[in-house]
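One point on numbering: in the UniProt record's numbering, the residue at position 167 of the sequence shown is 167, and numbering is uninterrupted.
Hints are computed from structural coordinates only; laboratory data are not their basis. Please note: incorrect hints may appear among the correct ones.
[Claimed, not checked] Derived DEER-like restraints, expressed as beta-carbon distance ranges:
1) 202 - 509: 15 to 23 Å
2) 578 - 741: 42 to 50 Å
3) 196 - 36: 35 to 43 Å
4) 741 - 514: 55 to 63 Å
5) 238 - 367: 45 to 53 Å
6) 509 - 149: 18 to 26 Å
7) 740 - 642: 35 to 43 Å
8) 145 - 124: 40 to 48 Å
9) 287 - 140: 20 to 28 Å
Cβ atoms here follow ideal geometry from the backbone N, Cα and C, with glycine treated the same way.
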Amino acid sequence: LPRLVREFVAQNNTSQIKHVIQILSQEFALSQHPHSRKGGLIGLAACSIALGKDSGLYLKELIEPVLTCFNDADSRLRYYACEALYNIVKVARGSVLPHFNVLFDGLSKLAADPDPNVKSGSELLDRLLKDIVTESNQFDLVGFIPLLRERIYSNNQYARQFIISWILVLESVPDINLLDYLPEILDGLFQILGDNSKEIRKMCEVALGEFLKEIKKNPSSVKFAEMANILVIHCQAADDLIQLTAMCWMREFIQLAGRVMLPYSSGILTAVLPCLSYDDRKKNIKEVANVCNQSLMKLVIPEDDEMDEAKQSMNVPAEPTSEESLSKPEAASSANCERNELDIAALNQPLSFPCSCERIQVTLNLDGIVQVLDCHLHDTSIGMMTRIAVLKWLYHLYIKTPRKMFRHTDSLFPILLRTLSDESDEVILKDLELLAEIASSPAGQTEEGHGPSDGSDVRPGPAELHVPARPGQLSSSSMKGLECSPSTPTMNSYFYKFMINLLKRFSSERKLLETRGAFIIRQLCLLLNAENIFHSMADILLREEDLKFASTMVHTLNTILLTSSELFQLRNQLKDLKTPESRNLFCCLYRSWCHNPVTTVSLCFLTQNYKHAYDLIQKFGDLEVTVDFLTEVDKLVQLIECPIFTYLRLQLLDVKNNPYLIKALYGLLMLLPQSSAFQLLSHRLQCVPNPELMQTTDNTKPSTSFKRTAASNIDYTELLQHFEKVQNKHLEARHQRAGRAEQLDRRVVL
């Protein structure tokens with residue numbers, strides 16, 4: 001047969017050559033008889049050898065019948081087919097490249113062949129084909145990619161190994177730029193990375209590592225946007241290796257592509273945020289996820305607040321990008337939000353990647369980001385670090401894009417208030433920082449001057465609310481039409497709403513008030529203006545219908561006022577009462593403090609209104625003296641011995657100018673039973689010099705002390721009447737509660 005074919009070649013008799021190949025194919029290789037098929041395969045190989053360099057002219061006719069035999073049920077015949085094709089390819093060399101796809105398709109099937117001899121033969125053929133591809137510069141990568149994309153999803157281990165080996169070979173060829181087509185195969189690569197075989201996982205890991213090195217070297221040619229959602233999906237994989245690898249890629253993408261990744265922020269956050277709460281078993285994933293989160297946060301800039309999302313996009317200096325246009329991005333999100341999963345939201349803004357000297361258009365999908373963050377806050381199963389990260393994100397967005405963020409404030413406000421009940425102090429601190437920013441940001445100011453309707457008719461009093469000014473934060477336009485203090489700008493619309501809802505939460509969750517109430521209020525006094533907080537809470541409590549809660553809340557506020565280091569300046573302001581503002585604050589606090597008689601006296605002690613304190617104590621004889629009442633008097637005595645009232649104890653030395661202070665203290669002493677507090681106060685009063693000088697009449701001339709002169713504008717008679725009125729309400733409320741309890745007892749007996 002070879003001799004015959006050589007003669008035809010010498011004669012240039014192509015028709016006879018085709019005739020010989022046709023006979024070998026149709027009558028032998030494709031015969032029903034197995035021995036004929038084997039003979040036909042041997043004949044086709046011999047024919048190819050005889051043709052030599054001319055075999056390239058007849059490759060289609062030579063290859064097709066051999067590839068058909070790859071599917072033969074007889075393993076021996078499949079081996080003959082491998083051997084025949086090996087000889088054909090060895091002779092033709094580079095001429096087989098136009099037929100590469102069919103050869104690759106056939107080999108990918110043989111790679112998973114159960115017969116070891118067939119597999120061995122296919123491996124020899126595979127190595128030969130790889131050598132040819134490596135040597136040639138005529139490889140059609142564009143035509144091969146669709147087949148590679150299809151075959152990469154095979155679940156067979158040997159087929160996967162075959163695919164990865166070819167990807168590694170193509171990646172190593174300088175003339176073949178597989179990076180351009182990485183979006184086509186990246187998802188398949190990550191799926192292979194989860195294979196059960198350690199060898200295959202290692203090979204895939206190497207391949208992905210090589211791609212990532214290439215991306216770092218040539219970021220300008222990388223199609224970041226087309227691969228973003230693929231990474232988002234695999235960053236949520238259950239397999240640790242897949243998740244860690246995808247997260248490392250995401251970290252590099254964010255750092256290399258910069259703001260190009262912003263349209264995918266919601267999907268990235270969906271994948272990254274849960275990882276922040278991983279334990280030490282997944283420490284590596286947690287650390288990489290944290291870098292991703294921080295890097296993504298830095299991409300949000302103040303300019304994002306200036307353009308309307310729906311109509312305009314912001315121009316920014318381009319990061320290293322490619323010149324090719326990318327497909328429309330999708331923001332993949334899969335966070336669970338009250339048993340509902342977020343669908344992958346498609347964004348309609350096309351992204352283009354011009355040269356680095358040009359500019360790119362990127363739009364921040366703020367709605368998608370807020371939706372993801374809101375869902376994570378509602379998910380009670382997420383870890384502490386994730387909740388902290390969510391709150392940090394919201395705080396960052398309110399700082400960078402306040403105008404757009406305030407569109408979402410009404411929907412976020414309820415969950416932020418509920419987060420105050422979190423078990424973690426750190427979460428509560430971040431939540432308070434965020435709420436303080438919302439309450440003080442000029443972007444939240446409305447023309448009405450009050451927060452959005454929350455079903456309450458409570459309104460601020462005539463006194464002004466202040467917030468510490470931030471240099472450069474307020475523009476003249478933002479303050480137009482607003483009343484401002486000479487020193488500080490007015491609080492925004494949400495401040496009063498925040499105070500109302502915070503007190504409502506304390507009222508409905510008494511445990512929160514008991515365990516975290518003081519902590520929350522003290523932190524707010526650091527974050528906001530302490531005077532504003534006490535002024536507004538006092539104003540709200542003045543209208544509180546639940547008198548028992550009002551009394552408890554006033555007691556809590558009073559304890560904070562008298563003992564917290566954060567309120568040092570406010571105490572000094574109240575102690576002196578030098579300014580109209582401080583006197584106004586005292587009157588406001590006093591009216592609410594009347595819900596609790598003992599706290600009212602302590603406020604008078606703090607403000608050095610000793611005569612009024614004495615007048616109040618005289619009224620205590622008309623009140624119902626309970627165990628709780630005496631306990632509060634006991635605590636007040638303990639407070640008098642604290643450093644906070646050092647000035648008061650020193651004033652006991654000046655008996656002449658402070659007679660009502662001594663009389664007020666004796667009044668407290670007379671209220672107390674023979675207890676440790678009684679002994680403590682009694683010993684203190686025994687230290688007062690010249691007791692006979694305590695005798696005085698009501699018409700004693702007031703001291704020329706500046707403090708009491710400054711407070712002379714206060715109508716103490718009216719304040720005393722208000723005290724009596726409030727206490728009568730409390731007495732009536734106690735009688736009503738006692739009556740209801742008695743009725744309940746009767747029902748139980750019946």
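*Do the Cβ positions of residue 202 and residue 509 conform to the proposed distance bound of 15 to 23 Å?*
violated (54 Å)
*asked:* Verify the CB-CB distance for residue 509 and residue 149 against the hinted window 18 to 26 Å.
replied: violated (56 Å)
*Consistency of beta-carbon spacing, residue 741 to residue 578, with hint 42 to 50 Å*: Between residue 578 and residue 741, where Cβ atoms are some 48 Å apart, the hint holds.
*asked:* Quick check on a hinted range of 45 to 53 Å for residue 238 and residue 367, using CB atoms only.
replied: violated (29 Å)
*Measuring from beta carbon to beta carbon, are residue 196 and residue 36 in 35 to 43 Å?*
holds (42 Å)
*Is the distance from the Cβ of residue 145 to the Cβ of residue 124 consistent with 40 to 48 Å?*
Violated: the Cβ-Cβ distance is about 26 Å, outside 40 to 48 Å.
*Lying within 35 to 43 Å: is that true of the beta-carbon distance residue 740 to residue 642?*
holds (39 Å)
*Is 20 to 28 Å a correct range for the gap between the Cβ atoms of residue 287 and residue 140?*
violated (43 Å)
_55 to 63 Å as the expected CB spacing between residue 514 and residue 741, which holds or is violated_ = This hint is violated: roughly 23 Å between Cβ atoms.
Hint compliance for this structure: hints 1, 4, 5, 6, 8, 9 are broken, all remaining hints hold.
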